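4 protein chains.
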Amino acid sequence: MERRKVGILGATGTVGQRFIQLLESHPWFEITWLAASERSAGKRYADACRWKLDTPMPARIAEMVLQPNTPAANTEEVPRIIFAALDSDVAKELEPAFAEAGCAVISNSSAFRMTEDVPLVIPEVNADHLPLLLQQTSVKNGKGGYIVTNPNCCAIGLVLALAPLQERFGIEAMFVSTMQAVSGAGYPGVPSLDILGNVVPFIKNEEEKLQEEVNKLLGSFNGAAIDMLPAKVSAHCNRVAVIDGHTECVSIKFTKPATREEILAAWSEFQPLTQHHLPSAPEHPVIFNEAIDRPQPRLDVNAGKGMSTTVGRLRECSLFDWKFVLLSHNTVRGAAGAAVLNAEVLAKMDLLPGQIKHTQTGAGRELVSA
Amino acid sequence: MERRKVGILGATGTVGQRFIQLLESHPWFEITWLAASERSAGKRYADACRWKLDTPMPARIAEMVLQPNTPAANTEEVPRIIFAALDSDVAKELEPAFAEAGCAVISNSSAFRMTEDVPLVIPEVNADHLPLLLQQTSVKNGKGGYIVTNPNCCAIGLVLALAPLQERFGIEAMFVSTMQAVSGAGYPGVPSLDILGNVVPFIKNEEEKLQEEVNKLLGSFNGAAIDMLPAKVSAHCNRVAVIDGHTECVSIKFTKPATREEILAAWSEFQPLTQHHLPSAPEHPVIFNEAIDRPQPRLDVNAGKGMSTTVGRLRECSLFDWKFVLLSHNTVRGAAGAAVLNAEVLAKMDLLPGQIKHTQTGAGRELVSA
Amino acid sequence: MERRKVGILGATGTVGQRFIQLLESHPWFEITWLAASERSAGKRYADACRWKLDTPMPARIAEMVLQPNTPAANTEEVPRIIFAALDSDVAKELEPAFAEAGCAVISNSSAFRMTEDVPLVIPEVNADHLPLLLQQTSVKNGKGGYIVTNPNCCAIGLVLALAPLQERFGIEAMFVSTMQAVSGAGYPGVPSLDILGNVVPFIKNEEEKLQEEVNKLLGSFNGAAIDMLPAKVSAHCNRVAVIDGHTECVSIKFTKPATREEILAAWSEFQPLTQHHLPSAPEHPVIFNEAIDRPQPRLDVNAGKGMSTTVGRLRECSLFDWKFVLLSHNTVRGAAGAAVLNAEVLAKMDLLPGQIKHTQTGAGRELVSA
Amino acid sequence: MERRKVGILGATGTVGQRFIQLLESHPWFEITWLAASERSAGKRYADACRWKLDTPMPARIAEMVLQPNTPAANTEEVPRIIFAALDSDVAKELEPAFAEAGCAVISNSSAFRMTEDVPLVIPEVNADHLPLLLQQTSVKNGKGGYIVTNPNCCAIGLVLALAPLQERFGIEAMFVSTMQAVSGAGYPGVPSLDILGNVVPFIKNEEEKLQEEVNKLLGSFNGAAIDMLPAKVSAHCNRVAVIDGHTECVSIKFTKPATREEILAAWSEFQPLTQHHLPSAPEHPVIFNEAIDRPQPRLDVNAGKGMSTTVGRLRECSLFDWKFVLLSHNTVRGAAGAAVLNAEVLAKMDLLPGQIKHTQTGAGRELVSA
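Chains as they are written, first to last, in this note's numbering: chain A, 36 to 405; chain L, 36 to 405; chain Z, 36 to 405; chain C, 36 to 405.
Just chain A, same shape as in the assembly (with noise of 0.2 Å):
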């Protein structure tokens, strides 16, 4: 099969660099196009990005020229399916140009993920919620475009944790209160003096982020909009010394009554994708480790290749229901490793640029529920 050409919005950036790490040797998608600001287009992708992953920088992709961050600027070369990963602000003036180009925006930017008649996804928890990217303007009007988003890096692991419980018991309040790791913040990022030693309990817009994304994720698409689950939800976010791996400490209120056995059940027993072998599915999206003292991010990060949550701790709480620690891998499943799931769930499910029937609206459901 011949692989999808697909572009970088932002490639120059640490979750940049996680897509073109993760895409590069990626079986339908074939990186075509990468972009960055202003300063850095028109240089070659090695001068202009300081690469902080472990992995060494592609060779191909080290030879790439960097192109301006425009649809408009060179219509022919850019691709229909546009990775983005950009600043928040800069996302609200590009994605929905890219998208009116007639590109499938995979976005990682928090921009519009609120919006009403944009997707907010994790493939294994609402792709159902997909076909709601037909209301788009620019898919309506027949341009083809559109924005899919996926949630913030704290919400997506605790999400991928809640979604078979609150399939089983209903979640009905949740307290959360996480430790994030600093690659969360980009580079430069977090200055070395705010966090050697130290812990900063406070991440902008974080606390907010991760309380409405829940709801929208674990809502259901009634197929005109999205019904926002009614859960209270009330987060304190930190940032730790850590370097990937965001850590969150749980208390659950269900509806229903759960037991032990049955949370571990509902754990294990999720894993709604399997059958789609999409490339960057985790075999366990959910991961339970019976150990006292995990799950950790020094130890467990790396689960299902960075894709899978690791629970822990399941206990008792003296206030709600049950309470339990998770970690999830904040720049892969967190971020890049989504989008490109969310790309690979649209493919799947024919709802990519080309493949797009306007009578489809159904089609997410099928395939989650298959």
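Honestly, the hints are just simulated from the structure, not real lab data.
This one's a predicted model, so the numbers in the text were calculated from it and none came from an experiment.
Here a beta-carbon is modelled for each residue, glycine too, at the ideal position from N, C-alpha and C.
You may find that some hints are simply not true.
Only pairs whose alpha carbons sit at most 25 Å apart, straight line, appear in this in silico PhoX-like list of lysine-lysine [as the list claims (entries may be wrong)]: (1) L/Lys288 to A/Lys288; (2) A/Lys288 to L/Lys291; (3) L/Lys239 to Z/Lys87; (4) L/Lys267 to A/Lys288; (5) Z/Lys267 to Z/Lys288; (6) A/Lys340 to A/Lys40; (7) Z/Lys267 to C/Lys267; (8) C/Lys178 to C/Lys340; (9) A/Lys78 to C/Lys239; (10) L/Lys178 to L/Lys383; (11) A/Lys40 to A/Lys178; (12) A/Lys239 to A/Lys267; (13) L/Lys40 to L/Lys383; (14) L/Lys340 to C/Lys340; (15) A/Lys291 to L/Lys291; (16) A/Lys340 to Z/Lys239; (17) Z/Lys267 to C/Lys291; (18) Z/Lys267 to Z/Lys239; (19) C/Lys291 to Z/Lys288; (20) Z/Lys87 to A/Lys340; (21) A/Lys267 to L/Lys340.
Covered stretches of chain L (chain A as the covering partner; in silico rule of three or more C-beta atoms under 8 Å from a C-beta of chain A) [unchecked claim]: (22) 231-244; (23) 264-273; (24) 319-330.
Sample of chain A residues lacking proximity to chain Z, with all beta carbon distances greater than 12 Å (derived) [claimed, not checked]: (25) Gly77; (26) Gly179; (27) Glu207; (28) Pro292; (29) Cys352.
Given the coordinates of chain A, work out where chains L, Z and C should sit on it, guided by the hints.
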């Protein structure tokens, strides 16, 4: 005034070292006796101790010879005020033996904190619980010794912040998620392989201690026993890569409504010990920091010479009433400094060995309500 | 080809864990025997081991039962190839016992590295020293067992970088200052209170080992003994807050002049084992990184699957001839991986138990010079 | 005595903050003027500064209004003693302008350290170089301003340890390998992604500065210029995950033989400023720590209130004569504290603006040799 002679049990450990640091120039107390485990007894302090503080080991202490840690072995020399920095299982045997031998054992161990006739005290919060010690057998039988304890390192900082809120608004329920420093685990304590670039979401027995101690500390002494506060507490305890300073995220539900201004006023007006001029009592037990990203261990741990709790990020909770972050120095206010302050308040209340009169049950209440 | 059975002494420690990680899917070797100290013998591996690697403990290994660490106790089951990850003082007793019992003891310990008839080997550098093992008593007396060692974790990375320079320019003198990772000290190893936000400028015996091992490794085997290289080496060894990867700063004086280009050529052309297709030999033993601020542990430690040394910052020295920085993975190339590669080259040279013929003294030289 | 008015250029940076911390309660100086870059001028200090020290921002300073950083803009208010904490490229323009305007510019920048008529001074080492400032044009032309500099943060700690050795044994050659704290790079400075669990073996221009400054500092003032010491110095500079405190490994070759006892005596007897009672001069400029694993940043950085160099691990070098480790606080002794001590010694030598008489060329020598 002549300084009272005091001894230290467990003098070579990290809390023992803090006792030495805090007591060596104390205006009321004079270290005359240091004890350690069998292996170290008989050695010069400097030879037996791996000093881990960033102030030098006092020269006088360096030359002192470590005594065996039993009252029997050296009845005459043992001072009648003993600060105990022992592991819980060792404390279980040794502390009662010293109490029985007539010593006031000012203990930092968890062994007897929840024992019915043992006061668990933070002087600013519940000094009026101290007369509970008069009910201990070794006091009643005329030997005059007893055990007084300070709380777990997490509970102290937390309850300092809670006490003024409990007084004005009543506490019904609370979530607390901690990020605790490695010094809390002693030396060698936490292996570096476990904590560098990592979070460990488990500390043995810590959540249980925190949950139960809060309610004893905020309970009331009815003249015979402590009536526990019936607040529901759910704790998540984590270890992070910080040397000193426990950070805690709190969500709290009050019995009466409280505005932001009222909460800030409760904290700033909380100065119960001021008039008693105790050497180790901080001018402000609770300090509110207005900055959006404070408190932080690196910047705030030494507030009030390590004896103040710093609070910050007061904001509404989408689930309970309010949430905030607090920080407290875990080996100063959370351990050695707590015990020293307990000793100071015992002295002020005439409850040290030699001072006790059997009619003073109400002394504490007077002291703190004076 | 049937895989040879191998055993691991000290299987539960950090180096033992690396042996398991590297050998479990090895094409030539099969782990059939794991031993640990008395305390752990008889337990399931999963119950006795605190696994500290970021890949999961192999399920098959988890179920294996730990054997006592003596050859006597279980003569029949002990495989004839033993990888030893023992503390030096334990190694002093156990390794000769296993050699005497007919085992090839491929040791990572320092106990016998400088012993006259024990090869100290880095396959790319001095595989031709291996026939020295034929002079060990347990080989001569027909029992067929022996001890072969790999160098200290600092010496390996250093000597890999030095070997091609020694060959072309001759090394006369050298300063080396190390910044070593905590995994080198095992588990629990370095207490976090000693290393968080800190540097410890002392590692017991490390400078001595580094200084003497370099000259044995770069010496030559005269058929009877090793003629040491007479280079002067002065080492400064430091511990830093890094999990894996030793960084070393080197200033070097050659006997012949060398240009920058000649040095870079010496490194890039250094591929002595390529034609032998050893499974653990890296394609490039020495990788030069051109960036001004490399190598760095976080970015380069896994180069060549952890088996390559990365060098960088080659520049003139105002005192000697040249200076540079190198980085090497201390528990892969610097410990377990080094021993596995030693075993592979022993197999290739027909020097494993059962393969040895007493006329093959020159084999190593042929192998490496072929 | 009335305190002299002083100003701070670059008051909001990390070194500027240290100046404030050290000067706010200084017995001789009073901060009356704070300047910052255009962006911050006109703001309250508290609003423009991200305070990163673990002592609170002084309340009086918080309310001061930042001035533009030019002498022209505010001729009348600018005090005649200016502490400058500017980046080198900014210093190049601003420092001469302030000198020309009649100010003594006590600079921490590298811009003019190696300039022929600019004293580069550590008071304990070469206060007798200070009269060199009388040769600066702005002194000669009667305006009375000048520039005096302190060395690079690495050079100060090093040269303090070297000066007594140079005096007694002569220094011929030296290797030095540093492990430098992140605070040396200012704020935001080193990104956490670059230093958490990592070492960066490169600091721009640092090795060059260290090598050349040593020889100017240890050189001698011949009445007209500095005769450089002709010692050969080779430096390796590294950044490590430490907040404050540069650790340096030194191998040294003397011109005369030196025993261990003689070296220790040279260090302990080195107290050149004692009789002058300068407020910031440490009682012991060089402190030898006997423990086998000291000095360490976490334990020793605050020795002498951050103004002493701690040395340790004195041992023979297999290549040169001796080797040792030293530690110095890089933002106290290595930056702001160094400049403050320079100002104190200038006051003592009657070299501050208003004090200068044109016949006092020899004053410095008298002072330090008195």
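We went through each hint and held it up to the structure:
1. Only pairs whose Cα atoms come within 25 Å are accepted, and L/Lys288 paired with A/Lys288 is accepted, the gap being roughly 16 Å.
2. A threshold of 25 Å between alpha carbons decides the hint, and for A/Lys288 with L/Lys291 the separation of about 24 Å falls inside it, so the pair holds.
3. Under the criterion of a C-alpha separation no larger than 25 Å, the hint pairing L/Lys239 with Z/Lys87 is consistent with the structure, at around 19 Å.
4. Between L/Lys267 and A/Lys288 the alpha-carbon distance is near 15 Å, which keeps this suggested pair within the 25 Å criterion.
5. Distance check on the hinted pair: Z/Lys267 and Z/Lys288 sit about 10 Å apart at the alpha-carbon level, within 25 Å; holds.
6. Between A/Lys340 and A/Lys40 the alpha-carbon distance is near 24 Å, which keeps this suggested pair within the 25 Å criterion.
7. Using a Cα cut-off of 25 Å, the hinted pair Z/Lys267 and C/Lys267 holds, with the two alpha carbons roughly 19 Å apart.
8. Distance restraint check for C/Lys178 and C/Lys340: the Cα-Cα separation of roughly 36 Å exceeds the 25 Å cut-off, and the hinted pair is therefore not satisfied.
9. Restraint check for A/Lys78 and C/Lys239: the C-alpha separation of about 24 Å stays at or below 25 Å, so the hint holds.
10. A distance of roughly 21 Å separates the Cα atoms of L/Lys178 and L/Lys383; the hinted pair therefore holds under the 25 Å criterion.
11. Between A/Lys40 and A/Lys178 the alpha-carbon distance is near 18 Å, which keeps this suggested pair within the 25 Å criterion.
12. This hinted pair checks out: A/Lys239 and A/Lys267 have alpha carbons roughly 21 Å apart, not beyond 25 Å.
13. Simply put, L/Lys40 and L/Lys383 have alpha-carbon atoms about 16 Å apart, close enough for the 25 Å limit, and the pair holds.
14. Between L/Lys340 and C/Lys340, the direct Cα distance comes to roughly 17 Å. Compliance with the 25 Å bound is thereby established for this hinted pair.
15. The hinted pair formed by A/Lys291 and L/Lys291 fails the criterion: a straight-line CA distance of about 30 Å is larger than 25 Å.
16. A hinted pair counts as satisfied when its Cα atoms are at most 25 Å apart, and A/Lys340 with Z/Lys239 does not qualify at roughly 38 Å.
17. Only pairs whose Cα atoms come within 25 Å are accepted, and Z/Lys267 paired with C/Lys291 is accepted, the gap being roughly 21 Å.
18. Taking the CA atoms of Z/Lys267 and Z/Lys239, the gap is near 21 Å; set against the 25 Å cutoff, the hint holds.
19. Note on C/Lys291 and Z/Lys288: the hinted pairing holds, with a Cα-Cα distance of about 24 Å set against a maximum of 25 Å.
20. Among the hinted pairs, Z/Lys87 with A/Lys340 is consistent with the structure: their alpha-carbon atoms are about 18 Å apart, no more than 25 Å.
21. A hinted pair counts as satisfied when its Cα atoms are at most 25 Å apart, and A/Lys267 with L/Lys340 does not qualify at roughly 40 Å.
22. Counting residues of the segment 231-244 of chain L whose C-beta sits closer than 8 Å to any C-beta of chain A gives 7, which meets the bar of three, so the coverage hint holds.
23. With 5 residues having a Cβ less than 8 Å from any Cβ of chain A, the segment 264-273 of chain L passes the three-residue criterion, so the hint holds.
24. For the segment 319-330 of chain L, the proposed coverage by chain A is satisfied: 4 residues have a C-beta within less than 8 Å of a C-beta in that chain, meeting the threshold of three.
25. Residue-level check passed: A/Gly77 sits 22 Å from the nearest beta carbon of chain Z, beyond 12 Å.
26. With a least beta-carbon separation of about 41 Å from chain Z, A/Gly179 lies farther than 12 Å from that chain, consistent with its non-interface assignment.
27. No Cβ of chain Z approaches the Cβ of A/Glu207 within 12 Å, the least distance being about 35 Å, so the stated non-interface status holds.
28. Interface exclusion of A/Pro292 from chain Z stands, the closest Cβ pair being 33 Å apart, more than 12 Å.
29. Separation of A/Cys352 from chain Z is adequate, the least Cβ-Cβ distance of about 28 Å exceeding the 12 Å criterion.
Hints 8, 15, 16 and 21, counting from the list given before, are not met by this structure.
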